[in-house]
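Since the structure of chain C is already known, use the hints to place chain R on it.
Protein chains in written order, with our numbering: chain C, 1 to 379; chain R, 1001 to 1540.
Because the hints were derived from the structure by calculation, they are not lab data. Even for Gly, the Cβ is constructed at its ideal location relative to N, Cα and C. A few of these clues could be false.
Here chain R is said to cover these stretches of chain C; the calculated rule only asks that three of the stretch's residues, wherever they fall, bring their Cβ under 8 Å from a Cβ of chain R [stated by the list, open to error]:
(1) 69 to 82
(2) 92 to 99
(3) 104 to 112
(4) 158 to 164
(5) 353 to 361
Residue-level listing of the chains:
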Amino acid sequence: MKGWKLKTSKILAALAGLGALAASGASHALEWYFQTPASPIARDIDQVHQYVMWLIIVIFVGVFGFMFYSCFAHRKSKGHAAAQFHENTTVEILWTVIPAIILVLIAWPVTKVVIAQKDTSSPDLTIKATGYQWKWGYDYLKGEGEGISFVSMLATPRDEINNKEPKGEHYLLEVDHELVVPIGKKVRLITTGADVIHSWWMPAFGVKQDAIPGFVRDTWFRADQLGTFRGQCAELCGKEHGFMPIVVRVVSAEDYSKWVADQKKAQSGQAEDVNKQWPPQELVARGEKVYAANCVACHQATGKGTPPVFPALAGSKTVTGPKEAHIDTVLNGRPGTAMAAFGKQLSDTDIAAVISYERSSWGNKSGVVQPAEVKARRK
Amino acid sequence: MSAVVDTHGHGHGHDHAGHAHGHGDPHGGYGGLMRWVTTTNHKDIGTMYLWFAGFMFFVGGMMALAIRLELFHPGLQYLHPDFYNQLVTSHGLIMIFGAIMPAFVGFANWQIPMMIGAPDMAFARLNNWSFWLLPFAATLLISAYFMPGGAPGAGWTLYAPLTVQQGIGMDFTIFAIHILGMSSILGSINIITTILNMRAPGMSLMKMPMFCWTWLITAYLLVAVMPVLAGAVTMTLTDRHFGTTFFNAAGGGDPVLYQHIFWFFGHPEVYVIALPAFGVISQVIPAFSRKPLFGYASMVYATSAIAILSFIVWAHHMYTVGMPVTGQLFFMYATTLIAVPTGVKVFNWVSTMWKGSLSFETPMLFACGFLFLFTLGGFTGLVLSLAPVDIQLQDTYYVVAHFHYVMVAGAMFSAFAGIYFWLPKWTGKMYNETLGKWHFWLTLITFNLIFFVQHFLGMAGMPRRIPDYPLMFTTWNEISSIGAFGFALSQLVFLYNLFTTLKRGEPAPQKPWDGADSLDWTHLPTPAPYHSFETAPQVK
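With the rest of the complex left out, here is chain C:
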């Protein structure tokens, strides 16, 4: 009796825990369907899906209506004697042909959506999205804003991920530089990958396109609602796959023009004099920030990495050896390893800064590198 009581109290405690859990869960809305569509294609997908789901529900209820009726009515325990029929050509032909006809009914509307999805002709704006391990690079190639180029990285602080800080509203779905597009314009998105395959996915636009290294693919969307839309990389791309979100801000035509003007101004202001000689402390201080944004995920804040895939920089041969080899590694990456080429992502000054930081941290004392030296190594 005593043992039983103990068990009951344990079960009750477990149930209470479950209840508390459900209550804590209820503070987030229960999402169970597609995100609200914000483009014509996403709306088409939603409609096709609903159409097919209704067909499926009808078939499902029909087939399993038979099964459950049979389970209920044709039981041995009720004394039901087994019939011995085991074929019926008419019925068998019917249930081959009718599903085939239903498939044709489904195929027609779906085909129209496929053709629409694939029509990337005459865009108003062309943007290239490049998947890097683990961030997205955006280049505005054609249309208003041509020439704008930036890298978009996860903005959620590491402390939130490691449960040291409370998580914010857009946890894992926030970036430092959002992709900005005008409302109602056809945007052609060209995707490619720098290292491995990634996938650019924006649920609200009904767009998912793999970004494949060495090849370009394209897709398109026409956002018809203002606002900020969020998605994530959809193809396993290594360690930080879960931490490279995609955020698109859809703005009015005027706001877009204003944004373009601001970007252009900022970019021309950013052009730094590569021949400037920096004091070592300034270079190292700047390098620490660049390191935190680009390198820390693999090589760690301690510089110890997680060998052998992500080697240590503390005491590394490259970092403590000749400058040239170190600069080349950062500029061009190490093909066949996870080490990316940063030459196109970072300015000469940033590369010089991060190399200087690496050469002066974690016990390394191999001197600083000036931006001009980086420029000289670029091919």
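Just chain R, lined up with the frame of chain C:
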């Protein structure tokens, strides 16, 4: 098929009584461990396959629990993201190649010779070797965790070029896949030869039990596609070490080529797992409906049609890769076509039950669970086959939910149905029916807790293979994780039932299931003797 004449005697097991004292020691003079190492007996080998599958199911299941533990709450709690990816990868490889496939080969070994009236498998020594390759392959596969860099973390699909970045564990995985493939091919050749050459007189192909038919077709699929997988991973190996560039654009290759080759293997592989499951279900449902299988011939044609179609649908796994519109449409139409033969099978099973005299012992419960949930997985497959909808759902938890309905509620439920169905025949002991029913209902409920909610996660936008997720996905993940631990605990009921049955189970009646009509039930004693048909029975 049910009308069988035993020309050798009137009592069951007449042949065997004579046999047992004719040959003395049935184990070739070996006892203990060496009996199992040297055995060429299809029953011993079948038993080893099943124990091996059970052990790997446990290992893969532990990995799944670790994954669900990490996903219980947002944030990184227990697992490093790299290790998380390794677990995701190994869980898939182990469950597919280590658990499900060997389990069904185990069934094939036990049942095919007994069902077609043969004394053993055609190539008895080859059979021994097919099995003994497996423990070595599994050891290689798991040893990757102890290599520098750990096991590969590229997903069980092992997409290039992510595989090129992995540590040396990747090479061990590739060799493990080679060996697993060898084992499957040898096993398949054995099954094909046995079925085509060793059927009892009078048993034409169209009189074979459906389980033998589905395995015959499966074996052909395996022989066709395992070399393709071996090719794909070998190309990965040479890209990694020998300077080739099959999957590297810089040298004229293409990463997408890997996906085409992989899925040319991968889609038939789905049916390699599903068809034997269909076979088990096609034995169990008629037995407990006390009524012959409805539409036997159409069942054979539907199975063949599924197998043939499976070779021309592979790129539906690749809608987001960026194929031309004609490619997108071709693979979509071909894929939706699979719904027709699959529908035929489901309709046939339901019609077999219709107006039968049904009873619901544990094997039948699992068969009904299979029918209901596998069809659900089939419907989500239809949804995913539609290219535009798949664009939203590709690489999300919707896909994860879909294939677990097919793999767990499909293959695994049918494996449980098969174990409960045949355990009395194999061991001569009856399992505990009450515990069996508990096992079924707990498994059914917890399975749906884990995976039904994952459809919602996928539609709402949660990508698969991520160790951490945005806050809006929290509740469903919590439910899913609770379900996972419940599911694991439910399997303890099975283990307890199994061990107590083996140790002190009630003796099983000669034919515990009224409607079972294949040769193993009608012509062999229970438990089945070590050597079955020394003289072939005559089938009318």
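The hints, checked one at a time:
| no. | hint | in the structure |
| --- | --- | --- |
| 1 | 69 to 82 | holds (count 9) |
| 2 | 92 to 99 | holds (count 4) |
| 3 | 104 to 112 | holds (count 4) |
| 4 | 158 to 164 | holds (count 4) |
| 5 | 353 to 361 | violated (count 0) |
Hint check: a violation occurs at hint 5 only; the rest are consistent with the structure.
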